[in-house]
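Novice: Go ahead and model the full structure; you've got the sequences and the hints to work with.
There are 2 protein chains.
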Amino acid sequence: MSLSFDVAALGNAIVDVIAPADDAFLVEQALAKGSMTLIDTDQAGALYDRMGPGVEASGGSAGNTVAGLASLGCRAAYIGKVADDTLGRVFRHDITAIGVHFDSKPFTGPLGTGRCLINVTPDGQRTMSTYLGAANALTPEDVSPDIVQGAEIVYLEGYLFDPDEARQAFGKAASLARAAGRRIAITLSDAFVVERHRAALLDFIETDVDIVFANAAEATALFETHDFDAAVAALAKRVDLAIVTRGKHGSVLVSQTDRAEVAAAPVAQVVDTTGAGDQYAAGALYGLARGLDLAVCGRLGALAAAEVISHYGPRPQTDLKTLAQAAGLI
Amino acid sequence: MSLSFDVAALGNAIVDVIAPADDAFLVEQALAKGSMTLIDTDQAGALYDRMGPGVEASGGSAGNTVAGLASLGCRAAYIGKVADDTLGRVFRHDITAIGVHFDSKPFTGPLGTGRCLINVTPDGQRTMSTYLGAANALTPEDVSPDIVQGAEIVYLEGYLFDPDEARQAFGKAASLARAAGRRIAITLSDAFVVERHRAALLDFIETDVDIVFANAAEATALFETHDFDAAVAALAKRVDLAIVTRGKHGSVLVSQTDRAEVAAAPVAQVVDTTGAGDQYAAGALYGLARGLDLAVCGRLGALAAAEVISHYGPRPQTDLKTLAQAAGLI
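Respectively, the protein sequence lines represent chains Y and R.
248 is the number that our numbering gives to position 248 of the first sequence; each next residue is one higher, with no gaps.
1192 is the number that our numbering gives to position 192 of the second sequence; each next residue is one higher, with no gaps.
These are calculated hints, taken from the structure and not from any lab test.
Some clues are possibly wrong.
[To be verified] Straight-line Cα separation of at most 20 Å, EDC-like style, residue types lysine to aspartate or glutamate; simulated pairs: (1) R:1237 x R:1227; (2) Y:321 x R:1049; (3) R:1321 x Y:22; (4) R:1105 x Y:49; (5) R:1248 x R:1227; (6) Y:105 x R:1049.
Quantities reported herein were computed from a predicted structural model and do not represent experimental measurements.
Specialist: Structure (structure tokens):
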């Protein structure tokens, strides 16, 4: 089989509702700044009623990452579940319009397309409340062997470790990818996901994963330490490549034979940090799929993250390939 | 009856789908740059399929204006028609979340909430293709006497001159407002609206309107001239106050006893001109409702327009009251 894609990703297919908010609003709604909380339909309705006027944009962590990959000129595929409703059509439109392959069948049950209510405070931090809806209904049947085995790297969104069937979909994707000699990457997604599933995640990583993306909170949560360097070292022992980001303090990439520390790229004004980690992953995955040096992978990630935090919305608004070429990275 | 609102507006309730596009795309889709074209469901589907990835945000010309008025600290009300669907709930949320009174009953027929597909070219110009849907179903019944007679100024969106029943709604609103001694303002909305309804519009203006907002293209179309000054003079003869904008060249405000020419406010980078005229109207209406000098009304309009063209989306993202206070205008 010829390789059809640089990257195939499995993720929660979500449409974001993004609204400015102040710190007092977060306190009033008992939301922890910077966190991601899962909410049900009633909670989503109640929170939406109280939020400020918003903007809707396709999101979902891995969805954002494949959009970034497409903007960099990669061939990318996406597997995720939307409903056959207005927001589902918006999600499908946006991801295919940027050139990502997306043919997952829509969910036909009573759940609507997933939504993430994102309150953005003046410091650019985003606080997310997610109603998963149809995204929760991803099953192993949705994992098409053609797509997973036709991709250089299979990228898994850690959020999908929550629902049982989606975790089974991870297992199927990993087996298929492994059998075809593909590399498997995972992002840990959220420190609370790590808390909820620490043992199972560690087991999955040691057995099936080649590349782990994490931020500092997720990496330290995974190894129950407060020591960043210790967490990075522990992670690097277990996989071929550990990539750990730490916001404005840059990122570190550690393989068995190499190590790179990369500074964050400068940003005139941080408007909305939504999608920062997702776009970092896009830049780094581009470099990994193309066999670039670790330091260049990290700098591509930093460049893509800097673009996305300079405006509202979780996906690039400027052509990342042009930016990367201008920066002399590709 | 006590005055409940500074401004009550009647408009097409529309959700915008905003996507970047290049000039070649406009040519390919036979769209005239900067224009607004009405399209049907099939055309909307076909165009959306070909558009780039987008962002959804509540829009509608008068809806944008009342959002701007609320951001300036005014009490504003809105009358317009959405369906009881996802986009309708988004529209209702966004306009009420910013503090605008909106209690128009949702449309219960087979039409969905109206959508405006906006292609934004790199020069910041927006080209709009509007599927009116439920917005088209505004009727005189939707015009609540309490709202119209409780507002200092009643503001009418010229686009509603197209459907017969909506035009009847204008007539009802004008009669009610006149009987209560309120001022009536209209925006001409679009040069093609003016072309389609020139005689009826002129008649309505001379009979019922106190304040007219127009851009240069609309004003010259109304009087079938290419001479900007002649158009302004002709308009000023027919109403108490003529307010004509001309993009980066500023605006002119002419009453029976006063005249002001106002420069455009500086903008670091024009990103998306969607909503420029709507926000200009918001600033000027604020000044008029509060009895400020014509020059200050114009400067408030320029300030609000400058804010909205510096980012994607048709409504303010920064508190306009704070901006206007910082500029010493209020």
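Novice: Is the Cα-Cα distance between residue 321 (chain Y) and residue 1049 (chain R) 20 Å or less?
Specialist: Not OK: residue 321 (chain Y) and residue 1049 (chain R) at ~24 Å, beyond 20 Å, violated.
Novice: Holds or violated: residue 1248 (chain R) and residue 1227 (chain R), Cα atoms, limit 20 Å.
Specialist: Given that 20 Å is the threshold and the Cα spacing comes to 18 Å, the pair holds.
Novice: Holds or violated: residue 1321 (chain R) with residue 22 (chain Y), Cα cutoff 20 Å?
Specialist: With Cα atoms ~17 Å apart, residue 1321 (chain R) and residue 22 (chain Y) stay inside 20 Å; holds.
Novice: For the pair we were handed, residue 1105 (chain R) and residue 49 (chain Y), check the Cα-Cα distance against 20 Å.
Specialist: Distance ~18 Å between residue 1105 (chain R) and residue 49 (chain Y) Cα, so the pair holds.
Novice: Measure nothing beyond the straight line between the CA atoms of residue 1237 (chain R) and residue 1227 (chain R); if it is 20 Å or shorter, mark the hint as holding.
Specialist: Holds, because 16 Å separates the two Cα atoms, which is no more than 20 Å.
Novice: Given the hinted pair residue 105 (chain Y) and residue 1049 (chain R), is their Cα-Cα distance within 20 Å?
Specialist: 18 Å, holds
In this structure, only the earlier hint numbered 2 is contradicted, and the remaining ones agree with it.
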